[in-house]
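Protein chains: 2
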Amino acid sequence: MNADILNPRSIAIVGASTNPKKISTIILQNLVSGGYNGKVYPVNPKYEEIVGRKSYPSILSIEEDLDQVCIVIPSHLVEEVIDQCIEKKVKSVVIISAGFKETGKEGRLLEEGIAKKLKNANIRLIGPNSLGYINNNENINLSFARKNPGSGDIAFISQSGALCTAILDMACEDNFGFSHIISIGNKADIFENELIEMFQNDENTKAIALYMEEFSDGKEFVKLAQASKKPLVVIAPGSSEKAVEAISSHTGSLVSSYDTITTAINKGNAIQAQSSVELYNIMKLISNERIPRGKKIAVVSNAGGPGIIATDNIEKHGLILSELGEKTTKKLLKELPSASSVKNPIDLLGDALADRFEQAISICEDDKEVDSILVILTPQLITDIVGTARAIIKIQNKTSKPIFACFLGNHDIKSGVNLLKEYNIYTSSNIEATIEIIGKLVKYNNNIAKKDVVEVKDIKISAKHIDKVKECLSSEAVILPDDITESILKEHNIVIPEQIITPHIENAIEFSINRFPVVMKATSKDLAHKTDFKAVHLDIRTISEFESKFYELREAISKVTGTTSPDILIQEMVKSNTEVFIGATRQGDSKIYQDKGKGFGHLLAIGQGGIYTEVYKDIKHVLIPTNREDMLEAISETRLSMIVDGYRGRPTLAKEKLLDMLENIQRLLVSYPHIISMDINPVMLTEDKVVAVDAKLYIKD
Amino acid sequence: MNADILNPRSIAIVGASTNPKKISTIILQNLVSGGYNGKVYPVNPKYEEIVGRKSYPSILSIEEDLDQVCIVIPSHLVEEVIDQCIEKKVKSVVIISAGFKETGKEGRLLEEGIAKKLKNANIRLIGPNSLGYINNNENINLSFARKNPGSGDIAFISQSGALCTAILDMACEDNFGFSHIISIGNKADIFENELIEMFQNDENTKAIALYMEEFSDGKEFVKLAQASKKPLVVIAPGSSEKAVEAISSHTGSLVSSYDTITTAINKGNAIQAQSSVELYNIMKLISNERIPRGKKIAVVSNAGGPGIIATDNIEKHGLILSELGEKTTKKLLKELPSASSVKNPIDLLGDALADRFEQAISICEDDKEVDSILVILTPQLITDIVGTARAIIKIQNKTSKPIFACFLGNHDIKSGVNLLKEYNIYTSSNIEATIEIIGKLVKYNNNIAKKDVVEVKDIKISAKHIDKVKECLSSEAVILPDDITESILKEHNIVIPEQIITPHIENAIEFSINRFPVVMKATSKDLAHKTDFKAVHLDIRTISEFESKFYELREAISKVTGTTSPDILIQEMVKSNTEVFIGATRQGDSKIYQDKGKGFGHLLAIGQGGIYTEVYKDIKHVLIPTNREDMLEAISETRLSMIVDGYRGRPTLAKEKLLDMLENIQRLLVSYPHIISMDINPVMLTEDKVVAVDAKLYIKD
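In order, the protein sequences belong to chains A and B.
Position one of the first sequence corresponds to residue 4 (my numbering), numbered consecutively onward.
Position one of the second sequence corresponds to residue 4 (my numbering), numbered consecutively onward.
Chain A extracted, bound-state conformation (with noise of 0.2 Å):
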């Protein structure tokens, strides 16, 4: 994207008015007193002037050359001025009105109209349903926000304006600013994709912040982050709604896609937010260049209890209670009074002064086993706040290993709190809040050392049945037949058991004789049918055994669907240390892999399996295309690695069996990119082996 859409020369705009109460009037405002130093032309045809300016009937009365028109009119005369901007050549549109796609039908129609002929006459386009954008590196106001809180480092876009309002505020608060900030609205044609981009090269941004309520190209997305130079802090909320709706799978009912877009987000050099105040102070941190290069932190308060609750905090967090270095506590002893502690939580006491907390901070920035400071501090009797606030400044502006403020309270603090804030510090009455933020700028800090990106043009594709796939393939997503699952299993070298799918009771028990114990199971297509019925009989030991079970399932099968003599799985019996679930579903269509597919591709997802895989729904993911690393640290996140690792003189089991599985999966995704959802649960792990015991491929275009 052209960086010059942000600060064109010229802008019209369509619907300015003279009543100060309108969107129109108020942008036409920000533009002139932001100090816009380009042309500006009111355009409405009921008024000869506008706040001392000329204004014009149409666009096309404009008789220079026109950079960019700001549309403020209903929905319904919005096409009619997009026609005239195709006639007078602009560059770019943009559209502040509402009442298109978030309306519904009608309104979606509308919108894809304007944006398709905007297209076609190579006029690129912001909105609508836009607040307008704000490029403070030009003193560009093209927005109704209420505020601009001035320049500063970070580009901000947004895709709710309203989300937008409410960070500006607090912004405004602070004086803290943007160098960009931006409303894409319904992003007919401008998404957030093209801006990370651009904002890669615009010299007074160092961060990228986004709020999204959708990513509309997942897989550029992942690697525009991926191959970000900039930070982006990412605050993406909702969508607990499932991955996959349509479809029985586990997977299925496992996966949000919120987990998907949690996932895309810590693939890239990204941080996720929780909420507006946690995406305003992560921005601020890296604004001010406050993010800790490691877990290690020093407490210092001046009261036991708040100690205790930050301690509480650091282990839930992921972070680190540093073991100060002896030379410090030899420091602490010397410079505290004998009651203090000097065991990190360190407590300077209730009468401790701005010299105390001085002593204790710098003693503590100095010892190598600390990365961050959280100073805490509670308004007893004779507690020097604005001394104590002054003592965290002047530290802080000599080292680079950032100090946390919580101060408790709330009126006698305010002092120190503004102090503070006016030399950027952090500041918060919320010891959790803090601390989790510390912990996330952490894990962002451990997370872009390691950057090793795979691409789908990486991975060997091998896909030998892919004609009797799109044969399967209907309107609605199916199962892949039993048989057609195996061989695509054995063409990746999925290990599975011996097996054999048969109608005929000779031909089972010949393959059973020499295999007891065998597990008997009806096959994927039976199970499909809603009816429960008990489909799998597990450790047959006997032949006898074996027939009673064989015509057991089969008058169960018959029942169900007719069939007399139904298809019927036997499978050797393959014992296990631990069962593993391996999911997958697909973010997109079938085409995600090409070059112009759009969407996040396949969610890899892997943890507990067996019958407690809902019960603890202990499932970590990764986003395909990745690598071997990558999968290994999702393991290393699930519980079920304790078991893996062989915790308590356990023996270890087969990770790097494991991980080929993982591999091998990956690359049959890949080739067989119409698989919508995966299900292989449980995978057998031994000590020495892997094997997918029950495999279910479900595709869709």
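These are calculated hints, taken from the structure and not from any lab test.
Treat each hint with caution, since some may be false.
Just so you know, same-sequence chains aren't split out, so a pair can sit in one copy or run between any two.
[Claimed, not checked] Only pairs whose alpha carbons sit at most 30 Å apart, straight line, appear in this in silico DSS-like list of lysine-lysine:
hint: 1; residue 1: 417; residue 2: 25
hint: 2; residue 1: 620; residue 2: 692
hint: 3; residue 1: 703; residue 2: 94
hint: 4; residue 1: 599; residue 2: 298
hint: 5; residue 1: 658; residue 2: 537
Based on these hints, arrange chain B on the given structure of chain A.
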């Protein structure tokens, strides 16, 4: 406790001074300027007069009777004053001075000596190491708190002076008052329980807030909390240290003293807060009688995004998004613009003025499917912030359904937020924290409905083997031999597998021959040796297999213990649908269930058993003595209950029998209070049976 202790007719302040920076001076000032109308005697031999009052050289030189003496002098001088107090026959003493138990052994001995003297003289003591107390009912401020926010209807008992000041600072900002504020310090005499009891009868106190670092008498606290007519709001941070450190029991490593406290609080008429801000907000909501009657919330917002964030959190915190009635929906459709979303969460759109908020909130308030209303405002261009606040106040004044306001932002929203605060409406910029608090209030409200208190005396004791148990007692915790454990379990009707403990292979085979498959294990005594060896052989099916395993195990044990012919435990093999864990730890000593016993008693733990116990820590707790309903609730709160209740067409398991076992275990623990820790893991649960397969009892006096 006599309420007069917090309402003395005369007070002497020992250590009073003319130095305005001294704590004693501030206490005197607070007392006098607070409007105390009893007699005040400054005591200090250095002065003739202090702030216009006669100063006495010692309390003995005061001629009139003296109710209370407040001591503010260095700790080593305190004892002499105490002797004078006894001579003067004062009624109570408040020791502000620090330098006692909190500083180490010497201080502890000094404190204990003073407490003993006072006790013998029948004089009550607050402190030492106390901030003092404020009784706003009687205009008594005998404290060095920075501020007194004035009278109110919450009594606040705090062990930490520091947290106390932080909360008072918040309260001052909001003019939120307290009936009493008591800093109990080191609790050498008066501790929380007596105060809780006293405040039951204080008509100006509606609820009691507590900040507790440790409970002085847990069992009594639970009784009081259960019997309390007034809600308790408790913050008890920290103590993630293990409950029973010395023992290598599962339970010991899984249960922290924090679990005990949390379970204790949940048992009573009480709410647990996690931070001082949360404690403060809950106090305010209780004071203003804003406890929702049920789980159903309506969300009204002028933006879509925050509505989504609210929805996610409502589910997360155990609440329900109201299904609005047909009438409500019709009314909303009539009143709101067509582009609004009338489905909960209700989106009023960005141009909503106060009237639209008022209509929507009123309509929701009128729906019986709504228990509380969350109003989220983002400060958009024409948003009427103060007007919306007024609308909320107006409706809240007419309804008992609480309205919670989240105004997002900071600068522009202040006017509205301040107005809401003035009218005691809950307001916060944090949607998640707000919903979490609503969740706690609702849970609390549901909890107080069911109040069937079980006492230890209601439990029928049977302790036939108590002498054998006592014989095993040692200075350290020890494991009970398997045969005694077996006897005790059988005595209490706890089903265990058929088993034999024998060193002789012939006896073992004779037992096994009709019971194959069997399990073979080393005994608890031999397992107590920390060396790892294969101590369990499962699923032994034939005599030859049995023989080889028996010799293998015998050799392994001999290597570790040196015994040539060790006892070996043979059990019938029990199959199960799922494995359950039942554990217990004792807080307090073995006299806990006697009248004078202090501590909380046994904390029962129940949850996932087998190899996943420590992996998922899916364990819930009940504190003994308790009833079947509470046990059922604990089971229901585990995720394992999905398996027990047979989700997704699986069989339901023998839950009633599991409850029987828990009741039996409760009886067992009360009968054998020497048990400091118990692990039963696994308990095999099937559709019709529950069998305790592996039980280990640890005892200590």
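Cross-check of the supplied hints:
{"no.": "1", "hint": "417 x 25", "verdict": "between (38 Å within a copy, 24 Å between copies)"}
{"no.": "2", "hint": "620 x 692", "verdict": "both (24 Å within a copy, 27 Å between copies)"}
{"no.": "3", "hint": "703 x 94", "verdict": "neither (41 Å within a copy, 84 Å between copies)"}
{"no.": "4", "hint": "599 x 298", "verdict": "neither (41 Å within a copy, 46 Å between copies)"}
{"no.": "5", "hint": "658 x 537", "verdict": "between (33 Å within a copy, 23 Å between copies)"}
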